[in-house]
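Given these sequences and hints, build the entire structure.
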Amino acid sequence: MAVMTKKTETAPALTIMTTDLRKAYGRKTVLDGIDLRVPAGTVFALLGPNGAGKTTTVRILSTLIEADGGQASVAGHDLAAAPEAVRRVIGVTGQFSAVDNLLSARENLILMADLYRLGRRPGRHRAAALLERFGLSEAADQPISTYSGGMRRRLDLAMTLVGEPRVIFLDEPTAGLDPRSRRELWAIVRELVADGVTIFLTTQYLEEADQLAGLIGVLDGGRIVAEGTVAELKRLVPGGHITVHFAGPAALTAAAVALAATGLVNEERATVAVDGDALTAQLPSDGSIGSLRSVLDRLDAAGIAVEDLSVHTPDLDDVFLALTGDRR
Amino acid sequence: MRNRTVTDTLTLLRRNLRHTVRYPSMTAGAIFGPVIVLLLFVGVLGKTLGSGLAASGGHPAHYIAYIAPGIIITAVAAGSMATAVAVCVDTTEGIVDRFRTMPVSRVAILAAHVINSVLSTIASTACVAAVSVLLGFRPHATVAQWLAAAGLLLFLTLALTWLAVAMGLVSATPEAASNAPMLIVFLPFVGSAFAPASSMPAGVRQFAEYQPFTPAIETVRGLLTGAPIGHNAVIALGWCVVLGAGGYAWAVAAFSRPAAH
Ligand SMILES: Nc1ncnc2c1ncn2[C@@H]1O[C@H](COP(=O)(O)OP(=O)(O)OP(=O)(O)O)[C@@H](O)[C@H]1O
Ligand SMILES: [Mg+2]
Chain A
11 MAVMTKKTET
21 APALTIMTTD
31 LRKAYGRKTV
41 LDGIDLRVPA
51 GTVFALLGPN
61 GAGKTTTVRI
71 LSTLIEADGG
81 QASVAGHDLA
91 AAPEAVRRVI
101 GVTGQFSAVD
111 NLLSARENLI
121 LMADLYRLGR
131 RPGRHRAAAL
141 LERFGLSEAA
151 DQPISTYSGG
161 MRRRLDLAMT
171 LVGEPRVIFL
181 DEPTAGLDPR
191 SRRELWAIVR
201 ELVADGVTIF
211 LTTQYLEEAD
221 QLAGLIGVLD
231 GGRIVAEGTV
241 AELKRLVPGG
251 HITVHFAGPA
261 ALTAAAVALA
271 ATGLVNEERA
281 TVAVDGDALT
291 AQLPSDGSIG
301 SLRSVLDRLD
311 AAGIAVEDLS
321 VHTPDLDDVF
331 LALTGDRR
Chain B
11 MRNRTVTDTL
21 TLLRRNLRHT
31 VRYPSMTAGA
41 IFGPVIVLLL
51 FVGVLGKTLG
61 SGLAASGGHP
71 AHYIAYIAPG
81 IIITAVAAGS
91 MATAVAVCVD
101 TTEGIVDRFR
111 TMPVSRVAIL
121 AAHVINSVLS
131 TIASTACVAA
141 VSVLLGFRPH
151 ATVAQWLAAA
161 GLLLFLTLAL
171 TWLAVAMGLV
181 SATPEAASNA
191 PMLIVFLPFV
201 GSAFAPASSM
211 PAGVRQFAEY
221 QPFTPAIETV
231 RGLLTGAPIG
241 HNAVIALGWC
251 VVLGAGGYAW
261 AVAAFSRPAA
271 H
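Just so you know, the protein sequences line up as chains A and B, in that order.
For what it's worth, our numbering labels the leading residue of the first sequence as 11, then goes sequentially.
For what it's worth, our numbering labels the leading residue of the second sequence as 11, then goes sequentially.
Note that these hints are calculated values from the structure, not bench results.
Fair warning: there could be bad hints in the mix.
Said to hold, decoys possible - Distance windows between CB atoms, simulated: (1) A/190 to B/24: 35 to 41 Å; (2) A/37 to B/196: 20 to 26 Å; (3) A/105 to B/116: 20 to 26 Å.
Claimed, not checked - Examples of chain B residues lying across from chain A (beta carbon under 10 Å, computed): (4) 14; (5) 18; (6) 20; (7) 103; (8) 111; (9) 151; (10) 153.
Quick reminder that beta carbons are idealized off the backbone N, C-alpha and C, glycines included.
Right, here's the structure in full:
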């Protein structure tokens with residue numbers, strides 16, 4: 011027993027694993043050898059610019075299309091050898107709506123329940139519960155053509171949950187949602203993860219990856235160009251800085267001199283970028299209290315008044331822009 | 011496994027039937043088209059065509075008896091347009107991709123479409139047959155002949171439906187899907203539906219004699235009005251097998267290729 015525990019600690023079970031996954035459309039290589047490791051019960055976010063191959067990856071992993079090369083397994087089932095076993099454990103909410111527009115929301119959910127063979131009564135109960143959970147009870151029997159984009163998206167996800175999948179693929183699940191709906195969806199994702207579900211997410215919203223994902227992979231030019239936790243990725247890029255705003259040009263000039271002196275905490279040779287029009291001085295910083303204090307102390311000592319001060323720590327946008335080349 | 015295919019087919023068939031019942035315009039089109047042609051030929055052109063028919067040995071007064079079987083076959087052919095459009099619309103919607111990621115039998119997805127289309131074509135063909143009876147078509151057939159005619163029509167419907175399903179699957183847009191079966195819809199007109207093939211100019215005549223609808227029309231006409239059938243029944247059944255098997259193979263191949271749309 012003890013040995014077992016130790017084993018799971020050192021090598022967490024991988025729910026999604028790909029090795030050298032390849033896909034080309036004609037002469038265009040979309041995936042050029044993708045290696046992914048997604049531990050069970052975590053959220054993995056795949057980031058990448060438009061056309062990077064995120065949807066292609068999701069379509070391969072969800073058995074919709076076959077890879078040209080490489081191996082992949084989901085929940086221990088090989089994609090090429092046992093796609094049917096994979097289909098039994100996954101749920102997919104694609105980038106584009108996959109609801110039956112000619113049926114009502116309730117009928118859509120009952121259709122899913124019937125296809126998962128939940129039985130008549132349990133199926134209806136499950137449909138009703140999901141309508142409630144996704145705030146669709148009132149509109150449940152109206153035609154879907156009257157639904158807003160957000161309602162449609164919620165129904166899409168509700169349909170994915172009918173079969174209680176252990177692995178869920180979400181391809182840009184919050185595209186086009188307002189901030190409130192987006193937060194609601196994040197809350198649902200967190201609930202699912204708390205229940206042990208593994209989530210494979212693609213997104214254009216870096217805040218979303220920041221909020222939800224344990225691990226992030228950045229896809230560009232057919233390859234994973236960076237992978238790690240949010241903190242690890244942020245460490246890859248410089249870009250943290252303090253911006254100090256002054257009342258007038260005289261103060262700014264004096265500050266530039268004071269700040270350029272050596273010996274700033276954490277910054278042996280602080281390069282101060284002075285903007286005479288905006289009356290700001292910008293200097294690199296890790297955003298720590300210590301570095302802030304040392305800047306303010308130095309300005310204080312020189313008797314220079316500070317109008318305003320802002321701290322910019324590197325975010326995923328910086329990471330994304332730094333890592334994904336401009337190929338257009 | 012087998013049981014699963016059956017339950018999935020029934021589940022998906024319920025869904026397809028709901029579509030057809032809620033949005034019956036395509037099925038209605040499959041009724042109105044042949045009925046309008048029937049009215050046109052009987053009411054407007056009936057006299058001229060009837061006497062033309064008399065010249066080649068028919069009865070002018072009974073032109074409707076001559077064309078009604080042809081119109082009924084036209085109704086079967088018209089159903090294929092509704093089928094192709096329905097299949098195309100459905101498979102271009104994301105819902106079918108969702109089914110493909112679920113443990114759902116893939117054969118069931120096609121089978122449900124085929125059964126739904128066959129049922130709606132039976133309904134529209136029965137309506138067209140009823141209208142021709144209202145307009146004066148008086149078939150004198152025994153029960154066995156009625157059953158034989160219905161059986162052949164059913165067989166033809168099944169064959170054309172598989173063909174239309176394949177056309178719907180390979181069409182990128184519903185417009186393309188409604189154009190693809192045009193050939194099927196117009197083929198009975200260049201057959202013996204409205205005039206005997208023997209009355210047509212050379213070239214057209216050969217085509218009319220050897221195309222698949224003529225033997226089917228001749229067989230149904232023979233069964234319902236007592237006209238001679240000859241080898242037509244066997245040839246018609248042979249065509250059904252060929253068209254049906256070809257359509258089935260085409261549809262299955264098109265469906266297993268995911269990026270058709
Ligand atoms: N069926 C197809 N046939 C040909 N090319 C395709 C096909 N599907 C995708 N592609 C190409 O593969 C590339 C990757 O597409 P994919 O949809 O995976 O990108 P994505 O990362 O999801 O982009 P987005 O953020 O815009 O959704 C694109 O250049 C696209 O044109
Ligand atoms: Mg995409």
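Restraint satisfaction for residue 20 of chain B [CB to CB of chain A, less than 10 Å]: holds, 9 Å
So the hint says 35 to 41 Å: do the beta-carbon atoms of residue 190 of chain A and residue 24 of chain B match that? Holds - the Cβ-Cβ distance for residue 190 of chain A and residue 24 of chain B, about 36 Å, lies within 35 to 41 Å.
Against chain A, is residue 18 of chain B within 10 Å by beta-carbon distance? holds, 7 Å
Residue 14 of chain B was flagged as interface toward chain A. Is the shortest Cβ-Cβ separation under 10 Å? holds, 8 Å
Between the beta carbons of residue 37 of chain A and residue 196 of chain B, is the distance compatible with 20 to 26 Å? With Cβ atoms ~40 Å apart, the hint is violated.
Interface hint check: residue 103 of chain B, Cβ to nearest Cβ on chain A, cutoff 10 Å. Holds or violated? With a closest approach of 7 Å, the residue 103 of chain B hint holds.
For the hint on residue 111 of chain B, does the least C-beta distance to chain A fall short of 10 Å? holds, 4 Å
Per-residue hint verdict: residue 153 of chain B, partner chain A, C-beta under 10 Å: Violated, because the Cβ-Cβ distance from residue 153 of chain B to chain A comes to roughly 39 Å (cut-off 10 Å).
Range agreement (Cβ of residue 116 of chain B with Cβ of residue 105 of chain A, hint 20 to 26 Å): Holds: the Cβ-Cβ distance is about 22 Å, inside 20 to 26 Å.
Using Cβ atoms only, decide whether residue 151 of chain B comes closer than 10 Å to chain A, and label the hint accordingly. With a minimum Cβ separation of about 40 Å from chain A (threshold 10 Å), the hint on residue 151 of chain B is violated.
Checked against the numbered hints given earlier, the structure breaks hints 2, 9, 10 and satisfies all the rest.
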